[in-house]
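Number of protein chains: 2
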Amino acid sequence: MKSILQALAEPNRLLIVELLRTGPMGVGEIAERLSMSQPQTSKHLKVLSEAGLLQMEANANRRIYRLSAQPFQELEAWASSFRRDWEERMDRLDDYLIRLQGSD
Amino acid sequence: MKSILQALAEPNRLLIVELLRTGPMGVGEIAERLSMSQPQTSKHLKVLSEAGLLQMEANANRRIYRLSAQPFQELEAWASSFRRDWEERMDRLDDYLIRLQGSD
DNA sequence: CAGATATATTCCTCTGAAGGTATATTTTAG
DNA sequence: CTAAAATATACCTTCAGAGGAATATATCTG
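Residue numbers (this note's numbering), protein chains in the order written: chain A, 4 to 107; chain B, 4 to 107.
No wet-lab data here; the hints were simulated from the structure. Careful, some of the hints might be misleading.
Remember, identical chains collapse to one label, so a pair may be satisfied in a single copy or spanning two.
[Said to hold, decoys possible] Pairs of lysine to any residue, SDA-like flavour, derived with a Cα cap of 25 Å:
#: 1; residue 1: 46; residue 2: 9
#: 2; residue 1: 49; residue 2: 71
#: 3; residue 1: 49; residue 2: 9
#: 4; residue 1: 5; residue 2: 53
#: 5; residue 1: 49; residue 2: 84
#: 6; residue 1: 5; residue 2: 15
#: 7; residue 1: 46; residue 2: 33
#: 8; residue 1: 5; residue 2: 45
#: 9; residue 1: 49; residue 2: 4
#: 10; residue 1: 46; residue 2: 64
#: 11; residue 1: 49; residue 2: 86
#: 12; residue 1: 5; residue 2: 63
#: 13; residue 1: 49; residue 2: 89
#: 14; residue 1: 46; residue 2: 90
#: 15; residue 1: 5; residue 2: 87
#: 16; residue 1: 5; residue 2: 100
#: 17; residue 1: 49; residue 2: 100
#: 18; residue 1: 5; residue 2: 93
Please model the entire structure based on the sequences and the hints provided.
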């Protein structure tokens, strides 16, 4: 989770991720569309890949990057687990209020 | 989204968030439980609060911090929206395959 | 084989942000 | 009113990491 969050926290990397929502893309096209230098783009792609957020497919001298589904599902599960925290606390509050009512 | 991710990306702040899942807590207790200095803790709490992740309740000279539900719901929604991307692409693939089949 | 193209990597610089120490601020206790 | 407790803030130092320029690597074209 930590490495996913760290990878996504960098603004340009977040832009890359949002761009790749539209579909898989090569390094050059990413760099051009986001007005980033090619080395800068490659380095961000490396960080994103090492965090598991991207998959790379090598074709000749082209590298096509695409979003990987799993880490986003992990993130969704993690974020939703907080909702469960609130709900459990609500349940405990309900229990408490019911017991309070019963003890009248 | 960016500020939420940036706030959560720092390891000690992530620890604070995980700790606060167990319930609201004062600065001193957070610092002690995580073996962090008080100023360090206060500064991280400020960043988390400014990102909307925490709410603060002042009681005398105590400040009680608690998790705020909304940003985690935003994060969940954002992460889940990627799942929708895959599904849409699957639908388009289905359409394509069906059309391919029809054109036989 | 000699470019040309696409991408990765290396090296350097510099800024932002994290951590430490000291201090300010507020509130309570005596 | 004074001291203590809890927290926030200011100031300083340090370091990871982001960006730029140059170069390495691999692949295709003629």
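We went through each hint and held it up to the structure:
no.: 1; hint: 46 x 9; verdict: both (14 Å within a copy, 19 Å between copies)
no.: 2; hint: 49 x 71; verdict: within (14 Å within a copy, 33 Å between copies)
no.: 3; hint: 49 x 9; verdict: both (13 Å within a copy, 19 Å between copies)
no.: 4; hint: 5 x 53; verdict: both (12 Å within a copy, 20 Å between copies)
no.: 5; hint: 49 x 84; verdict: between (29 Å within a copy, 24 Å between copies)
no.: 6; hint: 5 x 15; verdict: both (18 Å within a copy, 10 Å between copies)
no.: 7; hint: 46 x 33; verdict: within (12 Å within a copy, 36 Å between copies)
no.: 8; hint: 5 x 45; verdict: both (21 Å within a copy, 21 Å between copies)
no.: 9; hint: 49 x 4; verdict: both (17 Å within a copy, 22 Å between copies)
no.: 10; hint: 46 x 64; verdict: within (17 Å within a copy, 47 Å between copies)
no.: 11; hint: 49 x 86; verdict: between (32 Å within a copy, 23 Å between copies)
no.: 12; hint: 5 x 63; verdict: neither (34 Å within a copy, 35 Å between copies)
no.: 13; hint: 49 x 89; verdict: between (37 Å within a copy, 22 Å between copies)
no.: 14; hint: 46 x 90; verdict: neither (41 Å within a copy, 29 Å between copies)
no.: 15; hint: 5 x 87; verdict: both (20 Å within a copy, 24 Å between copies)
no.: 16; hint: 5 x 100; verdict: neither (38 Å within a copy, 39 Å between copies)
no.: 17; hint: 49 x 100; verdict: neither (53 Å within a copy, 34 Å between copies)
no.: 18; hint: 5 x 93; verdict: neither (28 Å within a copy, 30 Å between copies)
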